[in-house]
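Peer 1: Given chain F, put chain U in place with the hints provided.
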Amino acid sequence: MDTGLVIQYVVIALAVLASAGVVMKKQFPGATRRLRIAMALPLLREGRPAWLRGIGRVVAPAGMAQGGGASRSDACGGCSNCD
Amino acid sequence: MSTAAVSPLRLALVGNPNCGKTALFNQLTGSRQKVANYAGVTVERKEGRLVTPSGRSYALLDLPGAYSLNPSSLDEAITRDLCRGFYPGEAAPDVLVCVVDATNLRLHLRFALEVRELGRPMVVALNMADVARRRGIRIDRAALEEALGVPVVETVAVHHNGAKELVARIEALGDAPQAPTARLPAAAGDGQDATEALHAETRRLLSLAVEMPSRTARIDDVLDRWLLHPVAGLLVLAVLMFLIFQAVYAWATPMMDAIDASTAWVGEWVAGALPEGPLSSLLVDGIIAGVGGVVVFLPQILILFAFILALEESGYLPRAAFLLDRMMAAAGLSGRSFIPLLSSFACAIPGIMATRSIQDPRDRLATIMVAPLMTCSARLPVYALLIGAFIPAQKVGWFNLQGLVLFGLYMGGIVSALAVSWVMKRWRRDKSEHPLMLELPSYRIPHPRDLLIGLYERGMIFLRRVGGIILALTILLWFLLSFPAAPADATMPAIDYSFAGRIGHAMTAIFAPVGFNWQICIALIPGLAAREVVVSSLATVYALSAANDDAASQALTPLIADGWSLATALSLLVWFIYAPQCISTLATIRRETNSWKQVGINAGYLFALAYLMSLLTYQVAVALGAG
Chain F
3 MDTGLVIQYV VIALAVLASA GVVMKKQFPG ATRRLRIAMA LPLLREGRPA
53 WLRGIGRVVA PAGMAQGGGA SRSDACGGCS NCD
Chain U
340 MSTAAVSPLR LALVGNPNCG KTALFNQLTG SRQKVANYAG VTVERKEGRL
390 VTPSGRSYAL LDLPGAYSLN PSSLDEAITR DLCRGFYPGE AAPDVLVCVV
440 DATNLRLHLR FALEVRELGR PMVVALNMAD VARRRGIRID RAALEEALGV
490 PVVETVAVHH NGAKELVARI EALGDAPQAP TARLPAAAGD GQDATEALHA
540 ETRRLLSLAV EMPSRTARID DVLDRWLLHP VAGLLVLAVL MFLIFQAVYA
590 WATPMMDAID ASTAWVGEWV AGALPEGPLS SLLVDGIIAG VGGVVVFLPQ
640 ILILFAFILA LEESGYLPRA AFLLDRMMAA AGLSGRSFIP LLSSFACAIP
690 GIMATRSIQD PRDRLATIMV APLMTCSARL PVYALLIGAF IPAQKVGWFN
740 LQGLVLFGLY MGGIVSALAV SWVMKRWRRD KSEHPLMLEL PSYRIPHPRD
790 LLIGLYERGM IFLRRVGGII LALTILLWFL LSFPAAPADA TMPAIDYSFA
840 GRIGHAMTAI FAPVGFNWQI CIALIPGLAA REVVVSSLAT VYALSAANDD
890 AASQALTPLI ADGWSLATAL SLLVWFIYAP QCISTLATIR RETNSWKQVG
940 INAGYLFALA YLMSLLTYQV AVALGAG
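Chains as they are written, first to last, in our numbering: chain F, 3 to 85; chain U, 340 to 966.
Only chain F is shown next, with the shape it has when bound in the complex:
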């Protein structure tokens, strides 16, 4: 497989993953939040290296770091029509 084709597949994979993330976040905000918390907690534990904790902070939903609740568009399932 030539390099050009590999790059194309990498771009497609990233686009598909990002799209799946958008759909999950918009349609299942509660489940997405729980999933992100479950993924972030092991990474944020005491004793983890700084770079791993950094990834954990990125994965964690905003409310977890700031202590706030879900945003308004997340509240109803997120058709974005009321934003």
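If you are wondering where the hints come from, they were derived from the structure by calculation, not from laboratory data.
The structure presented is a predicted model; accordingly, all values stated were derived computationally and were not measured.
C-beta: ideal position from N, C-alpha, C; glycine also.
Treat the hints with caution; some may be incorrect.
As the list claims (entries may be wrong) - Per label pair, the in silico range of CB-to-CB distance: (1) F:A22 <-> U:A758: 33 to 41 Å; (2) U:S396 <-> F:W53: 38 to 46 Å; (3) U:L791 <-> F:W53: 32 to 40 Å; (4) U:A600 <-> F:M41: 42 to 50 Å; (5) F:Y11 <-> U:A431: 54 to 62 Å; (6) U:D835 <-> F:F30: 38 to 46 Å; (7) U:S411 <-> F:A22: 44 to 52 Å.
Stated by the list, open to error - So the derived list for chain F, only partly shown, Cβ under 8 Å to chain U, looks like this: (8) L7; (9) A17; (10) V18; (11) S21; (12) A22; (13) V24; (14) V25; (15) K28; (16) Q29; (17) I39; (18) W53; (19) I57.
Peer 2: This is chain U only, laid out in the frame that chain F set:
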């Protein structure tokens, strides 16, 4: 330093429904919350920031309108709780800005007096002071201020700088605003005594400070004589709705053609610029074909909403609610259901949330159940695609046939909603009816700024959906339609071996009786997230199924016109009148009713209705030779 010293003062806009609180909120904070000329638009608290010319900052709350601090609906309860400091997690506001409609002081001053009894610092904003002056209503502001014992200022919420004086008075209150000292004579009493005292004090204030002309609303009276007439009024309403749908087709075509041509040009350019491969396919067959297929319907959506917004602003819509009340009551709905159902034409979600203004829980549930039957704007692209492909663009008498069909589809949704609520009424034990109490606002010429803001908002909502959920689903669908690749010894087109192709073929076992092919079946799945995605999904499916590049670059409309029978198209149109698939709507029903049972009933009955009606349509059409 204490927290109180650094926290900005919290102001709350309170008042009767439709007195201009949200317009004032928008004016003061620069925000763009929805405003309209009818009661019950705001059903939740909204917060913004007011920064005065001197640089001082205030937190400003916009509260739902209330006729009294003794609430009779959920939204009124929010206002009561917030004003009294009982709202969970929120302290009482430091200053209450009581907005009163200067053209209707008899009603609005009563609420202002109730608010004053709370004993919190307050300012009264005499809103729509310009309209009152034009009608010959003379208000002695200084006398009213003295009699009320609180600052009174004139505001014109819809004019730039119309709240300048209010801002100055708020600033003049300083850091420790004074509570009003005046009280109602019978403030200690309650029930009948307190109500009597309120009425008496209102009459006293009116006699002291307000001089009414002999006829305050001659134009309103003349218009109402016709527009509220049981026969002529209904006729005007029907003609208005009919003309709106005619305009949607007659006016949108040039813009739609331009968008269509631009999309095709971009597709060709990208296909020429990129080497052939999966990335080119994703961009051309997936994103450009799919998203472009949806964007093309933006002009029709804007035209439809231009009319709806103009009607909202004019004050006609509550009259329409009044006209339809008898019909709605016969079908088991209340006249108060009209505004939530009307909101559902934009999207069922704000419509369902707007049911909070319905006091009776039974009426509220009935309205929630039928709200998804109102044709939301997301269904318009699907209708427009199918009508454009199968209904000839010809005139029937003076009318455009395509516009007539669109009108029929919208009416189909309305009639179905009435039929469903009628059946619900027959089933339930409590058959009592609730009289409609509705405040009819004065007629108003729609303000161009509000109309433009409203249209801009609708356009942005649509484009945000296109750039967000619709784009994401289109990419996912392209992936599922492109992988895995066909085996070396493939005998069928490659798409038939893809994940989505296999799912689509499996689904035809259920949907073949209603005339849906596997391409339609596939499009129904992402349509669960956003109904417009059905169009982009069909565009992607057909672009990937095309035998060659020329076929792939064809617009979707001629492709489905050649590939589907009329019976299939009619069946799909009927399916979308009921369109049971919208996850966000179901999530909102769950939140508003706090019941999974109601979600199940709603999804179940809509699916059953959609399937049965499509089956009937398809089988009858085939029997008549349209298959």
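Peer 1: Under the constraints set out in the numbered hints, which ones does this structure not fulfil?
Peer 2: 3, 6, 17, 18, 19
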